[in-house]
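Its first residue numbered 189, the first sequence is counted upward by one per residue in our numbering.
Since the hints were derived computationally from the structure, they do not count as laboratory data. Wrong hints could be hidden among the right ones.
[Stated by the list, open to error] Computed Cβ-Cβ distance ranges for the label pairs, DEER-style:
#1 Arg-427 / Glu-503: 28 to 36 Å
#2 Asp-237 / Lys-430: 14 to 22 Å
#3 Lys-640 / Gly-205: 48 to 56 Å
#4 Val-394 / Gly-422: 15 to 23 Å
#5 Val-394 / Gly-205: 18 to 26 Å
#6 Val-394 / Glu-503: 31 to 39 Å
#7 Lys-430 / Val-345: 25 to 33 Å
#8 Lys-520 / Gly-257: 25 to 33 Å
#9 Val-394 / Asp-557: 53 to 61 Å
These numbers were taken from a predicted model, which means no experiment stands behind them. Yeah, the Cβ is synthetic: ideal placement off N, Cα and C, and Gly gets one too.
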Amino acid sequence: MNQHKEIRTRFAPSPTGYLHIGGARTALFNWLYARHYQGKFILRIEDTDQIRSTEESTRAILDAMAWLGLEWDEGPYYQAQRVDIHRELVEKLIDEGKAYFCICSPEELEEKRKEALRTGRKPKYDGACREKGRTRSADSVVRFRCPDYGVTVVNDVIKGTITFSNEELDDLVIERADGYPTYNFAVVVDDAQMGITHVLRGDDHVNNTPRQILLYEALGYEVPHFGHVPMILGSDKARLSKRHGATSVMAYKDMGYLPEALVNYLVRLGWSHGDQEIFSLTELVDLFDLNAVGKSAAIFNPDKLLWLNAHYIKEYSLERLTACVKPFWTAKELDVSDQDFLNHAVADLRTRSKTLVEMAGNGQFYFADEVTYDPEGAEKFLTPEVGEHLQAIIRELPQYGDYSKTGIEQFLRCFTAERGVKLKIIAQPLRVALTGRTVSPGIDDVMVTLGKERVVGRLAKAVAFISNAGKA
RNA sequence: GGUCCCAUCGUCUAGUGGUUAGGACGCUGGCCUCUCACGCCGGAAGCCGGGGUUCAACUCCCCGUGGGACUACCA
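Turn these sequences into a full structure, and let the hints steer you where they fit.
Written out as structure tokens, the structure reads:
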């Protein structure tokens, strides 16, 4: 009967920080799964932790989702706004005898836990208040009565069948003393009421799943499908964290990464399609499915992400790429108002930049009013002997008609042939004179992009620099 | 400690009982070349260990070992 039921997935971050790499991949998998089956992707903010949740975090997460291109069909719903519903259902469970009040203090519980650990017993709640018939009081919590025997089976769409003994599960708190529901309860109620058919999340939730299933059953809800995606680890195989480098999605934007690169990288962490490495978003929607998601954890590899970023920098349309780098130059207070000039510069730079930040740095010389010479480069290449060549170019270039790439090539070829020198001899000095550096895009490209006027101007300055250096 | 998950080059992975174990990043040799890149061609590098099952195991089963997650009135 559910054969044609619409697929509904969700991403449910807690707004206690930025959107991190792992969360982004979870969101991506949910989004892709929903899109692939023409279902719906729902965004829900789990902000029931009144102390740690912030509005900036919510904003940051939404911004990051938007940047990645993961638009949602419903929401964002805010869990904290649904507490009345949660409380009502807690009440229902109490009435039905499936939950009870507990007045054990956190300190007391902590003591018992330590004691249990010390004596080698399971550190689970001992059920002290279970049969006491307590009533609500200022610091009472509500606990769910878990079955003491039997098993709960999770049919995980990624990991397969996982069986848990109910004895391992204790009576978890479902409503805190502050009246707010706990995660395990709220997530069940919300997922059920929002009609979520597939709960895809990090596999750090596997152990929560049996108790959630018990809650679904106690509440009379249909149990959704669960899929637990493996974790993303740092280079030391520990859970990915700040000490492994940037973990915030938006930090990657700031470092000059393209969203396509991050998405492509993330999707391949745990999912594959034969030998294919490069996937566009639309291609992913077409190809993505859960059966190709792996079971083992993956280590985050910044080098591969960098390679993908370089790939997308090469593949982007010039217009789009230019629009993306432009802010990085603007931030350096460079004049990038000439769109045509800008486009040419970006075209020169794109094959030699792995990030937009790198590109902005490499291409700074195009827009600088004054070229600053790399000291070593200047010493090596801006010598009296080349000063003469540069002067000759200043004389001959304005006369030269064809100022295209092939024209410049031709010009340099003739120029060097006439003077009996190799292009090699003249290229590096020209490069330093025009860019200030010994490394740059092809000298002909640089000359064409800069334009005759800037070239002659910069060469004149270089000649002046050389003669000044000679006097000094 | 307990519960659960995982295991193919350094890393991401393909593999689905019979393959010279494939691809990609990175590394590396070469070509191209005005520098640096890009691109192209080549190379090194892997089935965690031990038992089974089978004519045949990277592949299936068991046991180790290793790694990870969870074990909150956080999510």
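Status of each hint after checking the structure:
no.	hint	in the structure
1	Arg-427 / Glu-503: 28 to 36 Å	holds, 33 Å
2	Asp-237 / Lys-430: 14 to 22 Å	holds, 20 Å
3	Lys-640 / Gly-205: 48 to 56 Å	holds, 53 Å
4	Val-394 / Gly-422: 15 to 23 Å	holds, 20 Å
5	Val-394 / Gly-205: 18 to 26 Å	holds, 23 Å
6	Val-394 / Glu-503: 31 to 39 Å	holds, 38 Å
7	Lys-430 / Val-345: 25 to 33 Å	holds, 31 Å
8	Lys-520 / Gly-257: 25 to 33 Å	holds, 27 Å
9	Val-394 / Asp-557: 53 to 61 Å	holds, 60 Å
Hint violations for this structure: none, all hints satisfied.
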